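There are 2 protein chains.
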Amino acid sequence: MKYLRKYFPIMEWGAAYSGKIAVNDLVVALIVSIMLVPQSLAYAQLAGLPPEVGLYASMAPLILYAIFGTSRSLSVGPVAVTSLMTLAAVAPVAAQGSPEYAGAAMALAFLTGLILIILGFLKLGFLSNFMSFPVMAGLGTAVGLQIAASQLTPVLGIPSEGGTFLAQIISLVKNYSQINIYIAAIGVPAFIFLLMVRKYLANLLTRAGMSKGLAGILAKMGPVIAIIITILVVAGSGLDKQGVKIVGTVPTGLPGIVMPPFDFKLWSQLATPALLIAIVAYVGSISVAQTLASKKRQHVDPNQELLALGAANIGASVSGGFPVAGGFSRSIVNFEAGAETPAAGAFAAIGIALVALFLTPLLYFLPSATLGATIMVAVLSMVNFKAVIKTYAYSPTDGIAMALTIILTLTLGVIFGLIAGIGISLMMYLYRTSRPHVAIIGQVPGTEHFRNIDRHDAVTSSSIVSMRIDESLYFPNARFLETKVNEIVASHPGISHFILNCSAVNSIDASGLESLKAINQRLKDSGIAFHLSEVKGPVMDGLKKTPFGQELKERIHFTQYDAVYSIDPNLAKHTLESKRVKPAKKQENGE
Amino acid sequence: MKYLRKYFPIMEWGAAYSGKIAVNDLVVALIVSIMLVPQSLAYAQLAGLPPEVGLYASMAPLILYAIFGTSRSLSVGPVAVTSLMTLAAVAPVAAQGSPEYAGAAMALAFLTGLILIILGFLKLGFLSNFMSFPVMAGLGTAVGLQIAASQLTPVLGIPSEGGTFLAQIISLVKNYSQINIYIAAIGVPAFIFLLMVRKYLANLLTRAGMSKGLAGILAKMGPVIAIIITILVVAGSGLDKQGVKIVGTVPTGLPGIVMPPFDFKLWSQLATPALLIAIVAYVGSISVAQTLASKKRQHVDPNQELLALGAANIGASVSGGFPVAGGFSRSIVNFEAGAETPAAGAFAAIGIALVALFLTPLLYFLPSATLGATIMVAVLSMVNFKAVIKTYAYSPTDGIAMALTIILTLTLGVIFGLIAGIGISLMMYLYRTSRPHVAIIGQVPGTEHFRNIDRHDAVTSSSIVSMRIDESLYFPNARFLETKVNEIVASHPGISHFILNCSAVNSIDASGLESLKAINQRLKDSGIAFHLSEVKGPVMDGLKKTPFGQELKERIHFTQYDAVYSIDPNLAKHTLESKRVKPAKKQENGE
Chain A
0 MKYLRKYFPI MEWGAAYSGK IAVNDLVVAL IVSIMLVPQS LAYAQLAGLP
50 PEVGLYASMA PLILYAIFGT SRSLSVGPVA VTSLMTLAAV APVAAQGSPE
100 YAGAAMALAF LTGLILIILG FLKLGFLSNF MSFPVMAGLG TAVGLQIAAS
150 QLTPVLGIPS EGGTFLAQII SLVKNYSQIN IYIAAIGVPA FIFLLMVRKY
200 LANLLTRAGM SKGLAGILAK MGPVIAIIIT ILVVAGSGLD KQGVKIVGTV
250 PTGLPGIVMP PFDFKLWSQL ATPALLIAIV AYVGSISVAQ TLASKKRQHV
300 DPNQELLALG AANIGASVSG GFPVAGGFSR SIVNFEAGAE TPAAGAFAAI
350 GIALVALFLT PLLYFLPSAT LGATIMVAVL SMVNFKAVIK TYAYSPTDGI
400 AMALTIILTL TLGVIFGLIA GIGISLMMYL YRTSRPHVAI IGQVPGTEHF
450 RNIDRHDAVT SSSIVSMRID ESLYFPNARF LETKVNEIVA SHPGISHFIL
500 NCSAVNSIDA SGLESLKAIN QRLKDSGIAF HLSEVKGPVM DGLKKTPFGQ
550 ELKERIHFTQ YDAVYSIDPN LAKHTLESKR VKPAKKQENG E
Chain B
0 MKYLRKYFPI MEWGAAYSGK IAVNDLVVAL IVSIMLVPQS LAYAQLAGLP
50 PEVGLYASMA PLILYAIFGT SRSLSVGPVA VTSLMTLAAV APVAAQGSPE
100 YAGAAMALAF LTGLILIILG FLKLGFLSNF MSFPVMAGLG TAVGLQIAAS
150 QLTPVLGIPS EGGTFLAQII SLVKNYSQIN IYIAAIGVPA FIFLLMVRKY
200 LANLLTRAGM SKGLAGILAK MGPVIAIIIT ILVVAGSGLD KQGVKIVGTV
250 PTGLPGIVMP PFDFKLWSQL ATPALLIAIV AYVGSISVAQ TLASKKRQHV
300 DPNQELLALG AANIGASVSG GFPVAGGFSR SIVNFEAGAE TPAAGAFAAI
350 GIALVALFLT PLLYFLPSAT LGATIMVAVL SMVNFKAVIK TYAYSPTDGI
400 AMALTIILTL TLGVIFGLIA GIGISLMMYL YRTSRPHVAI IGQVPGTEHF
450 RNIDRHDAVT SSSIVSMRID ESLYFPNARF LETKVNEIVA SHPGISHFIL
500 NCSAVNSIDA SGLESLKAIN QRLKDSGIAF HLSEVKGPVM DGLKKTPFGQ
550 ELKERIHFTQ YDAVYSIDPN LAKHTLESKR VKPAKKQENG E
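Going line by line, the protein sequences match chains A and B.
Just so you know, we're using numbering that gives the first Met the number 0 here: the first sequence kicks off at 0 and counts up by one.
Just so you know, we're using numbering that gives the first Met the number 0 here: the second sequence kicks off at 0 and counts up by one.
Be aware that one or more of the hints could be misleading.
[Claimed, not checked] Ranges between beta-carbon positions, derived for each pair:
hint, chain 1, residue 1, chain 2, residue 2, range
1, A, I180, B, K122, 23 to 31 Å
2, A, I191, B, D561, 52 to 60 Å
3, B, K516, A, I418, 42 to 50 Å
4, A, G162, B, L121, 52 to 60 Å
5, A, E160, B, R4, 50 to 58 Å
6, B, K385, A, D540, 15 to 23 Å
7, A, D567, B, W12, 32 to 40 Å
8, A, D239, B, K544, 51 to 59 Å
9, A, G162, B, M258, 12 to 20 Å
10, A, S236, B, K516, 47 to 55 Å
Because the hints were derived from the structure by calculation, they are not lab data.
Predicted model only: the values in this text are computed from it and were never measured.
A virtual CB, placed ideally from N, CA and C, is assigned to each residue, including glycine.
Kindly produce the complete structure, drawing on both the sequences and the hints.
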């Protein structure tokens with residue numbers, strides 16, 4: 000039972016569900032579903048898919064997330080980044096507009112869901128750590144620019160060959176003379192209207208005395224108003240006959256259950272993008288979910304979220320949709336409208352289903368320009384160049400990683416930019432951890448303490464070198480340790496004992512053990528005895544079992560003082576009994 | 000001048016070079032060059048190249064390494080692993096035996112050298128850390144098996160389609176009836192002879208009173224003896240007319256300087272294998288060099304070694320060779336014969352040049368079976384399944400990584416197995432570092448110390464939670480920290496203060512800073528004040544500059560005691576003045 004509850008969080012909140020909460024959730028759902036319709040249509044257009052696919056992707060995922068999700072506020076559906084990534088992944092394998100294209104988008108959602116579920120069951124959520132903040136923020140800025148550029152085509156009517164941001168800009172500059180003034184006459188005012196609403200309406204309404212929450216929600220209704228007005232304009236003026244692209248006939252009805260095409264070649268082509276979409280979707284969703292949960296001191300389970308997002312994507316796939324994630328703006332509406340439970344999301348799905356069933360004929364005259372303007376306004380808030388400067392000021396390497404992610408994404412595309420960004424982050428991390436802090440230590444007079452001789456007046460012996468390494472012995476620093484010991488031995492020709500102080504070593508992996516064995520052998524070859532000191536309990540348990548541990552046995556000392564005492568008792572005792580010298584404190588902070 | 004010396008270590012030992020050392024080096028060179036001839040021919044055969052290419056790859060690299068290398072004993076030339084990797088990389092892009100094949104091998108060596116030099120100048124030697132011990136050892140076992148299987152074709156005459164170990168075994172089983180008894184009559188005895196010589200000769204000779212060094216060198220002469228005997232047998236019996244494959248006409252003369260083909264498509268196909276060969280060559284060479292250097296308390300410079308190996312590979316490329324590395328067995332001979340300086344290597348190159356100029360006609364009747372047997376005996380010592388069990392016993396995750404590397408290399412090939420092994424090591428590392436040790440701490444009565452409440456009888460307040468994280472705040476653990484804080488807050492409903500003890504935090508990267516900002520915002524949203532304590536100097540310098548640091552300012556405390564005192568002075572003072580309780584020591588080791 001407990002097991003079931005873990006995987007079906009719905010059983011927890013469902014048990015306490017009441018009529019009162021249901022009424023509240025229904026009101027929230029009404030608001031959210033109105034807002035979701037334009038978003039769903041717009042992101043489908045961004046992904047190169049027909050509008051109804053956007054509606055399909057906003058039903059099953061919401062219901063499945065309500066069953067499996069642990070956040071009370073997260074709203075799952077098509078979002079900007081994953082929609083662009085869908086376009087980038089599917090465009091090379093199928094022609095836009097073809098049934099193969101829609102099929103590939105379904106397969107992509109299926110693979111994304113499968114990967115998320117596998118990561119969830121194997122408890123591999125930590126893989127999302129690959130996506131560092133600089134990479135995620137850089138990706139946001141670059142994707143925002145690329146999407147904004149891509150929407151200049153529907154908003155101004157300038158033809159473009161698509162592709163990366165760079166390719167689009169070149170295309171747009173080349174074709175600028177083909178601008179369609181009828182399209183621009185709708186797109187540009189819609190863009191300005193939406194921008195104004197987004198920027199100023201909430202403030203205006205709160206100043207007029209409205210509650211902050213309600214004002215925020217109304218300000219997000221801009222796209223709905225823009226859609227209604229532009230539909231009326233086009234329908235009344237017959238501008239669609241002047242080349243203004245409209246949505247046209249949207250098939251009425253609900254999606255059936257369809258399996259995506261199972262084609263090994265297609266799946267292997269989509270595997271890498273699916274993995275990246277899974278990680279981006281997860282990272283984005285979990286941070287929104289955690290932010291909203293903490294506002295109500297609620298808790299989100301990161302591993303269960305993998306399963307819930309996976310289920311949502313599988314749901315999107317088999318109902319003819321495309322990859323989905325937890326969206327920031329839609330979740331905020333959910334939260335601010337006061338969603339009490341994930342049921343609000345499920346009710347919103349019913350609202351969208353009603354639109355798909357009865358209202359699609361009303362969308363016939365909806366101009367693509369309005370949807371393009373909606374997307375542009377939404378994504379421009381993702382663009383943040385100041386973040387690069389701020390990050391650089393705090394941590395230059397992170398700033399460079401962010402700048403490189405942006406540049407590579409803009410010039411070589413979102414998939415490549417993302418992989419390169421992750422690679423750069425990992426390399427920087429490995430570089431940092433591969434060079435841990437190392438100190439030659441000596442005995443502080445008057446004590447049994449041993450400290451860094453560069454920072455303290457500590458006593459050393461000419462026949463002993465004691466080295467402390469401030470890191471666990473892992474493969475990234477195993478070779479560094481060997482080289483460091485070699486260097487120290489080469490620069491201390493007179494020594495006959497080498498003591499490695501392990502007070503900061505929390506674990507030793509197989510590579511670290513091999514390094515210790517190599518160091519021991521090399522020291523033996525040069526006639527130097529290798530000692531260990533202050534080895535922690537769990538580390539010692541592992542070492543004991545190895546021949547290396549057996550060989551060293553007598554030279555593994557409980558404390559550093561014991562180690563030196565065993566070699567040179569007179570020096571150790573004399574230093575202990577001499578007068579303590581006040582630490583030199585050569586730098587502000589300790590070691 | 001110092002700068003020149005850094006990049007040209009030859010200037011250092013060259014200045015002290017004397018006639019006496021030269022005579023010594025010449026004797027060493029004679030021994031080494033005799034041993035290198037069969038090895039060079041055999042590894043060329045393994046890489047699918049004509050025999051003279053093996054000789055070419057053993058001249059220029061030795062001379063260039065003598066100029067740039069920092070090891071006095073390392074001998075650079077074709078080795079087993081890189082030869083197999085050359086076959087794996089070049090076979091898919093050109094037909095074996097064609098000029099394109101030899102050209103691609105040259106291009107591969109050029110790229111490998113270029114990558115090594117770039118890594119050297121950018122000081123990126125740490126990238127070789129990606130190659131953990133389990134991956135390297137697993138690769139050795141799998142490569143040993145794959146090479147041994149591939150040599151069953153020359154040794155027994157059974158035709159094989161090549162490919163992975165698995166493919167070869169299938170091929171050999173299918174074709175076993177096509178065994179050529181004349182070939183086997185040479186190959187099998189040669190194999191047994193070489194195995195016996197390798198296993199027992201050194202022991203026999205030392206027991207007979209010979210010095211250990213000389214015995215070791217003579218035992219390594221087995222291949223030379225096998226070559227001479229089998230050449231005589233084939234030449235005398237005319238077995239080559241019975242289908243026994245012989246080396247045939249080896250072109251006489253020295254290689255000219257030729258540039259490898261510059262073809263963008265070819266180079267991009269070879270880029271990944273070249274990177275992997277560069278890393279494998281470097282890791283193998285540096286460990287041999289360091290082991291030998293420490294026996295004489297000499298020092299090897301890891302970054303300069305990158306440049307030296309890079310130069311050696313470029314040299315191999317432009318003299319018609321293929322990728323080279325520092326070999327273990329050849330370096331041991333160099334060392335045991337008493338090489339004083341890298342000049343011994345350069346002299347050995349002259350010895351091989353003399354073979355290429357005058358002795359290749361003698362190699363006409365050399366059977367491929369003998370070369371195959373030489374390779375088989377050499378690589379079987381790389382196979383070590385016990386290492387998997389030992390490693391698993393010490394560290395299960397490392398054992399699994401090693402086993403997976405072996406299985407994947409055997410079934411899917413060396414390039415794939417290597418990439419997968421590196422990926423698995425990285426994932427395991429990221430997993431471990433993404434879950435640092437975290438402790439809730441309380442005040443130890445009678446002291447100002449704060450320790451883990453699970454291990455000590457420490458005093459806590461119902462309105463304060465103090466948490467210590469034992470790791471720097473890096474992107475791999477940034478999300479873990481957020482989740483952990485959320486969990487703790489959710490399970491301590493009454494608190495109004497959260498103190499993060501940073502005594503073990505050596506640095507905070509941009510992702511860590513974002514997490515702290517998110518935690519601060521979320522705590523604020525739940526009405527909890529966020530405090531930091533014991534922030535180290537360099538970390539504080541960075542934080543001070545950020546708005547986050549400015550905001551917290553008053554809540555960053557010098558010590559943990561100060562932090563608690565600032566919130567609840569009575570509790571802190573009362574605990575300090577109460578009687579000290581002896582630590583409970585719930586586990587053997589400290590925190």
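In ascending order, which of the hints set out earlier in this document are inconsistent with the structure? Hints 1, 3, 4, 9 are the ones this structure does not satisfy, whereas the remaining hints hold.
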